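K.L.:
Join the two chains, each given in its own frame, into one complex according to the hints.
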Amino acid sequence: MATQIVMDHTGDTRHHFDAKDLKALAEAERRFKALTGNGFTAATRQASGDVSIARSFDPNAEETVFYPRLVGG
Amino acid sequence: MAVWLTVPASWIGRAVLYLIHAVQTAQSRRRARFESRAVRGITLLREWLSPQQRQQLECFNHFEVIGCDSGKSYRIQHGVCQNVLELDGDGRPRMGWCFIPEGNLVPGDVMLAQKIALETDERGALAVAKQFLVPPLPHVVAAT
Numbered sequence: 000m001a002t003q004i005v006m007d008h009t010g011d012t013r014h015h016f017d018a019k020d021l022k023a024l025a026e027a028e029r030r031f032k033a034l035t036g037n038g039f040t041a042a043t044r045q046a047s048g049d050v051s052i053a054r055s056f057d058p059n060a061e062e063t064v065f066y067p068r069l070v071g072g
Numbered sequence: 000m001a002v003w004l005t006v007p008a009s010w011i012g013r014a015v016l017y018l019i020h021a022v023q024t025a026q027s028r029r030r031a032r033f034e035s036r037a038v039r040g041i042t043l044l045r046e047w048l049s050p051q052q053r054q055q056l057e058c059f060n061h062f063e064v065i066g067c068d069s070g071k072s073y074r075i076q077h078g079v080c081q082n083v084l085e086l087d088g089d090g091r092p093r094m095g096w097c098f099i100p101e102g103n104l105v106p107g108d109v110m111l112a113q114k115i116a117l118e119t120d121e122r123g124a125l126a127v128a129k130q131f132l133v134p135p136l137p138h139v140v141a142a143t
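Residue numbers (numbering that gives the first Met the number 0), protein chains in the order written: chain A, 0 to 72; chain B, 0 to 143.
Chain B extracted, bound-state conformation (with noise of 0.2 Å):
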């Protein structure tokens, strides 16, 4: 009785143990694979930065561009949501704009769109955005 209870009972010790690595293993390809999906996302983004913004986004994680109609200059921050940032004239973020290539895009390539709609069709962009209010500085309120 006690050898047919602790065969079984072995055996599923294993698969359980083997199911935890095959997880783990699945877990960590899945990781592997997003991880150079985003690494090719950033390098295609620096190819197609000019050389001021490529340092703006090694510098600070962000980099500006200045929209094709209006002249109006944006800050595209890391992300894939939420992260264009229409600037006032002393540079401080004063409307957030929200719009996203379709599709799962990883970040990189995520900001290349942003960059080339805004710079090649900024009404276009904007068109179908979705505005987001910015908090305000803490300076700014405090003198309002």
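One chain only, chain A, in its complex shape (with noise of 0.2 Å):
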């Protein structure tokens, strides 16, 4: 099962989906691209650790975590 987690004000919302199921996986893709189009970074998580950036949609992302644009404090 992978998921989709959205940093907001109400805290972290995850969206999880079973990338196997076509639905499942376009409404993921169209909630990837509605959040990046509004201004918030895609990241995933490797099993090793590392962290990435994701510009465009993967489905074979297990994680995918989404903030909102940076701006100076």
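Hints may be right or wrong, so weigh each one.
What the hints assert, rightly or not - Heads up, incomplete: computed chain B residues facing chain A, CB under 7 Å, no partners named:
1) Gln76
2) Gly78
3) Gly102
4) Pro106
5) Ala112
Stated by the list, open to error - Sample of chain B residues facing chain A (criterion: CB under 8 Å; computed from the structure):
6) Trp10
7) Arg36
8) Arg39
9) Gly40
10) Ile41
11) Leu43
12) Trp47
13) Gln81
14) Cys97
15) Ile99
16) Asp108
17) Glu118
18) Val133
Unchecked claim - Pair by pair, the computed Cβ-Cβ distance ranges are:
19) Leu24/A to Leu16/B: 47 to 57 Å
20) Ser55/A to Ala126/B: 17 to 27 Å
21) Ala21/B to Gly48/A: 45 to 55 Å
22) Gly70/B to Thr12/A: 46 to 56 Å
23) Leu16/B to Asn59/A: 52 to 62 Å
24) Val70/A to Arg13/B: 47 to 57 Å
25) Pro134/B to Lys22/A: 49 to 59 Å
26) Leu24/A to Gly123/B: 25 to 35 Å
27) Leu24/A to Arg30/B: 33 to 43 Å
28) Ile52/A to Pro134/B: 32 to 42 Å
29) Ala23/A to Arg122/B: 27 to 37 Å
30) Arg13/B to Ile52/A: 28 to 38 Å
None of these hints come from the bench; they were simulated from the model. Everything numeric in this text was worked out from a predicted model, so none of it was measured. Just so it is clear, CB atoms sit at the ideal spot from N, CA and C, and this is done for glycine as well.
P.N.:
So, in structure tokens, the structure goes:
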């Protein structure tokens, strides 16, 4: 089961989906595009613990976290 | 006349007590909601930290990351503002950087976004960040 984690003012919202389910996969891709289009950054974590930025939707990513646009504090 | 005055007074007293109770209950619920969000944020952060960073967070309430572009070390302290310190070669803070994700995020979420940004797009993060001075350590002042 893959997970998309979205940070927002309510805390983090987790969307679980089965990557083998084409409908769920399409919904996850739509969510990815909507969030990154709104300025969110998507990052994925490898099994080794390394983190990388996801520029496009990866159907094989186990866990993707989305955080809002960074601004100077 | 006296009866007419005591009845409304007791109603007012009850109403005031009811209002105080309602405000206290609302405050308590809001505090519980924030604490729940804060715990979830720290849990998510811990899941994404390397074992070494997780240990640093547990022991010192901060952890260190390496900037992907410069190779510099940064210390991310628990907090949501002015909590990123650039370290010198001896591991001492030399400059502060303030950058945060938009929105009212809890500390764990903010710290995770800062870690990911420095490890994957250091230049981009520092381009939006505001610098702040870090007070020198006492022994550094004495040496100068």
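K.L.:
Hint compliance check: list the failing hint numbers for this structure, sorted ascending.
P.N.:
1, 2, 4, 6, 10, 18, 22 and 30
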